[in-house]
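Under the working numbering, the first residue of the first sequence carries the number 1, and numbering increases by one thereafter.
Any given hint might turn out to be false.
[Stated by the list, open to error] With beta-carbon atoms standing in for the labels, derived distance ranges:
no., residue 1, residue 2, range
1, 261, 478, 29 to 35 Å
2, 57, 395, 43 to 49 Å
3, 113, 355, 49 to 55 Å
4, 495, 435, 16 to 22 Å
5, 105, 200, 32 to 38 Å
6, 507, 107, 47 to 53 Å
No wet-lab data here; the hints were simulated from the structure.
Values in this document were obtained by computation on a predicted structure and should not be read as measured data.
For each residue, glycine too, the CB sits at the ideal point set by N, CA and C.
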Amino acid sequence: MCISSILPTMAKQAKTAITPTRAENYPEWYQQVVKRSDLAENSAVRGCMVIKPWGCALWENYQQVLNGMFKATGHKNAYFPLFIPKRFLEKEAEHVEGFAKECAVVTHHRLEAGPDGTLVPSGELEEPLIIRPTSETIIGDAFSRWIESYRDLPLLINQWANVVRWEMRTRLFLRTSEFLWQEGHTAHASSEEAMEETERMLDVYADFAENWMAMPVITGEKTAAERFPGAIRTLCIEAMMQDRKALQSGTSHFLGQNFAKAQDITYQSEEGKLEHCWTTSWGVSTRLIGAMVMTHADDDGLRLPPRLAPSQIVILPMTSRADDPEAVLNFCRKIADDLRVIPYHGRHIEVEIDERDLRGGEKNWQWVRRGVPIRLEVGQRDMAADSVFMARRDQGHKDKQTIERTAFVSRVHDILEEIQANLYDQAIAFRKNHSCEIDSEEDFRAYFAPPSGEPTPPHGGFAWAHFCGDEDVEKRINDELSVTVRCIPLADGEPGTCIFTGKPSLKRVVWAKSY
RNA sequence: CGGGGCGUAGCUCAGCUUGGUAGAGCGCCUGUUUUGGGAACAGGAGGUCGCAGGUUCGAAUCCUGUCGCCCCGACCA
């Protein structure tokens, strides 16, 4: 559909809070949702974003839950420097190759007044410092000193940090020059143990994505072409966005002994032999917020899964026509107090009362756009009937219902869980509708052929097809169709024959266009 | 780094072709009427038109240079 064909009938269509809609222009819709839901905005610095309070509160909840999961699996937090000496990065050849092109480099440590009031860098550093694009090397340096004996293993460390990758093109949350993330780094005495750790942390990510973000993911392994620089194996979780593209949402790497050898991370075994450690690294970033937006948001803005929402409930007091506005407010405060003591997934239900002096409609739509799971409109009528008027973000914005106050308080936990489940079910149904098994190259090409239209409308999806693993074929398909192997699923599959070469294939792999 | 586009009020943009006192909508402030759903009316604040040169009596407008941003590719979490 092109926009010009929509305009004449626009008046008849339901007004949406976000313009354009997903169908009209998906990338622009995404940017608008992020901005209009108050998550973040572009900053004065190229490619960097300002995360606003609403987005920051959301990220804090991600951190809190993930941090708990990391602790529960035996990891401890530490913090390493932002700067990495250049020689550290030079140690692992493949690693340098992978990141060198996108590193910010600090070469001076002082500014001096130049002509016309400008500032000129001065005091050149003897060795340039690289702003970390990831911390394998600087953490590996610490590990090489911390680990002496098999008794020091496994060493399980996580850090919450910002990293910088000087990307060519950026998009809020999905790819920014600076982003927030956590990176886990572990060292083990054996290959098997390290591989178990790699799989365990992938499971943690999948658990978080599905049970907290309500975002279905496929767990799998990357092909060599998509592997992390320096890794032996890269495991990942892949999710489908509403334009049917895949988004890599988390990765867990088995690094073998590559980094241990490059950085001299050794231990003395029980038998007294000096051995190299086996290491892993794994990370998720603020990209997960972008993933949530593109999984759940609709044409009216964000839809937050209750378990991670900064506030599960907002109360909108309708005081303008009340005989006694203060009484209505007190009624609202009482409801909030009753709700705030209800436990909800390790926290308590968070309630906001929006007493701002704004018109009802304006205020209401702000919270719709921000994606709060439940809105309660409470006025004199409700107070008189001892009830609340509830709107759920997973339902149409006119499907509101009156619920007796005490019934609402006792049911609210279940309602939130229902919303959480609904979001998940809708996402998984969407993925199912746009996934299919493909058994010939011809069908494959037809599946991914873009329909006409400017901008390109959503098309394709996840194609489950047999593939022999030939790297040249993979590259050719990427060049011709912009489609890549998102992952080789970890789940069991039936053997078959490659749709491109006719050679044997162990199982179907997932092909898709991706971010 | 290639290809395209754009820098004018807080935001979105018109004005530029054909040089002559800086515009609109939204937002913001004040007032009145409103208010169970994205209000109406009236008044008001707010801009040396990205920057630097040049042409001219006179430049947002023409010329040259420069910086920045956005979009599409290549690259990537």
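We went through each hint and held it up to the structure:
Between residue 261 and residue 478 the beta carbons are some 31 Å apart, a value that agrees with the proposed interval 29 to 35 Å. Judged by the Cβ atoms, the range 43 to 49 Å given for residue 57 and residue 395 is violated: they are separated by roughly 24 Å. For residue 113 and residue 355, the Cβ-Cβ distance of about 50 Å falls inside the hinted range of 49 to 55 Å, so the restraint holds. As the Cβ distance of residue 495 to residue 435 is approximately 20 Å, the hint placing it in 16 to 22 Å holds.
Range check, residue 105 to residue 200: about 35 Å between beta-carbon atoms, so the 32 to 38 Å window is met. Range check, residue 507 to residue 107: about 49 Å between beta-carbon atoms, so the 47 to 53 Å window is met.
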